[in-house]
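Below are the chains, spelled out letter by letter.
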Amino acid sequence: MKSALQQLLPKLVLAPTTLILVVCVYGFIGWTALLSFTKSRMMPQWDFIGLDQYIKLFDNPRWMVALENLGAFCFFFILICLLLGVVLAIFLDQKIRSEGALRTIYLYPMAVSFIVTGTAWKWILNPGLGIEKLIREIGFQSFEFRWLIDSEMAIYTIVIAAVWQSSGFVMAIFLAGLRGVDESLINAAEIDGAPHYKIYTRVVLPILRPVFFSAIVILLHIAIKSFDLVQSLTGGGPGYSSDMPANFMYTHAFNRAQMGLGAASAMVMLFGILAVIVPYLYSELREKNG
Amino acid sequence: MDRTQRIVSARIGRVFIYALLIFTALLYLAPLYVMIVTSLKDIEEIRSGNLLLFPLKPSLYAWQKAWSSACTGSECDGLAPFFWNSLRIVVPAVAISTFIGSINGYVFSKWQFKGSNYLFGALLLGCFIPFQVILLPMAKLLAVLGLANTVTGLVLVHIIYGIAFTTLFFRNYYIGIPTELVNAAKLDGAGFIKIYKLIFLPLSKPIFVVTIIWQFTQIWNDFLFGVVYSGSGTQPITVALNNLVNTSVGGKEYNVDMAAAIIAALPTLLVYFFAGKYFIKGLTAGAVKG
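Each protein sequence line maps, in turn, to chains A and B. Each residue of the first sequence is one higher than the one before, counting from 1 in the numbering used here. Each residue of the second sequence is one higher than the one before, counting from 291 in the numbering used here.
For reference, chain A alone in the conformation it holds in the complex:
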């Protein structure tokens, strides 16, 4: 009796989590998928119309702008974060005095919510009173910096704020990676007389390839999900010029009574994430087992 209970207990403990997983993760994904095949607007209704919502979605100029924005955002956000993160990590790894304090400073934006970040940068980039005024007072009278109200450039204000928030994190994982590099390899290269920077480009960075890989996946994941920062920094504006997919989904599903379309956009986002994550998890797990 007692041992039967012991056998059962682990499964019993996992039962609530399993239930949640089946209903609130996979069940809900299925529900959203079904919804995306219907013409639901204010309320869910089950009139199936095939792929119409998806066709409508990719015909929607606002969605296409959101996708373009996501592309531009991903590219610059990831590139700048990696560059900054790698350089800071390598420099910090040169037996720097007060390394701890510097690290703390690079990472603190990570502790703050995107809404706070958006609010702060909205003020800093304020056309008229923000950076523009500062630079003008230094002496560049005709300096202009109005990306926030420029529909071509608004998306890049989001890049700036997001880089400020996330690059410290990239630094942290690269620093951890650098500390794990076998020191004898570096010493050997030094004895061979290789200049310092070459040791990094030829020896160290290639070893850190998996770290690059993880960093890119994580940053992509952050990018595809970004919602809060857009909402607080530009509100998707001017017009909808700085919208991203998550904001499109929210607006259509909750403010514009376009539930079916919103569900379709959510499914596209899911597939986007899966396309990034599944190969990553697969290779990670295979490496661990192999």
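Calculated directly from the structure, the hints in this document are not laboratory data. We put the beta carbon where it would ideally sit given N, CA and C, even for glycine. All the pointers check out, no bait thrown in.
Quick partial rundown of chain A residues pointing at chain B, CB under 10 angstroms, derived from the structure: (1) V23; (2) F28; (3) I29; (4) F91; (5) L102; (6) T119; (7) W121; (8) W123; (9) S167; (10) F254; (11) M259; (12) G262; (13) M267.
Label-pair restraints from in silico Cβ distances: (14) A:Y197 x B:D367: 55 to 63 angstroms; (15) A:G71 x B:L560: 35 to 43 angstroms; (16) A:Q94 x B:L477: 50 to 58 angstroms; (17) A:R256 x B:A438: 13 to 21 angstroms; (18) A:G100 x B:Q354: 34 to 42 angstroms; (19) A:R179 x B:I465: 21 to 29 angstroms; (20) A:I138 x B:P348: 18 to 26 angstroms; (21) A:Q45 x B:P348: 51 to 59 angstroms; (22) B:R293 x A:Q94: 18 to 26 angstroms.
Since the structure of chain A is already known, use the hints to place chain B on it.
Frame of chain A, contents of chain B only:
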């Protein structure tokens, strides 16, 4: 290159490294500095001065207003009520999701049964889904449960979607505890619960700290669930801050915006500055999974 030349160039290199590190640190600190000085200025001074100027006659007016009388939509009670809302959401959600994560992790690492690895894999994937894909059905479920627009509803949502991460944290930590310990305890007649209480709980302090800090930061900083599932009066602080910034009754008060942003950021910033080590551990554990 002779010796003195080499020493000189190394010197220059180090000066350059320090200069770059310190300059970047100042850039990272600048937004926080701008927020603080702006929050202490009056609106006159904000218009006449620039971002970096120190306040000539610092006042706490903006802080007072942000806390107790700024408008966040139709009501004008400042951020205070929403600060408490966030606290009422965060405390139970963190406690419960952490506890569930701990026993789940215990089962996944030491009481594996047939299929438990697949279950863990399915759970892991749940960490990554874009939440847009569950927003609509979850809204429906909360409505059915009578929890729409309530603090309890938000607590529930945060627990449900926090479990994947907390489980992952604990599972990865417990896997490092030798299984022989469990087997020896079993021989002594200890069961599932006793082993957890007597062996695992006492060893878990660091991972509890990491998980609690991670969950606290995540939930305090959440905006998506907050904006979708809260109603007037139950919004968390991030949503209230966003409303405050975007409510324009009369002239724009940038000083109040900045004070409000700092108030919203303060709890997680304090946690970061006092327990940064654990925060970073959570970040890297949450990011570099497996």
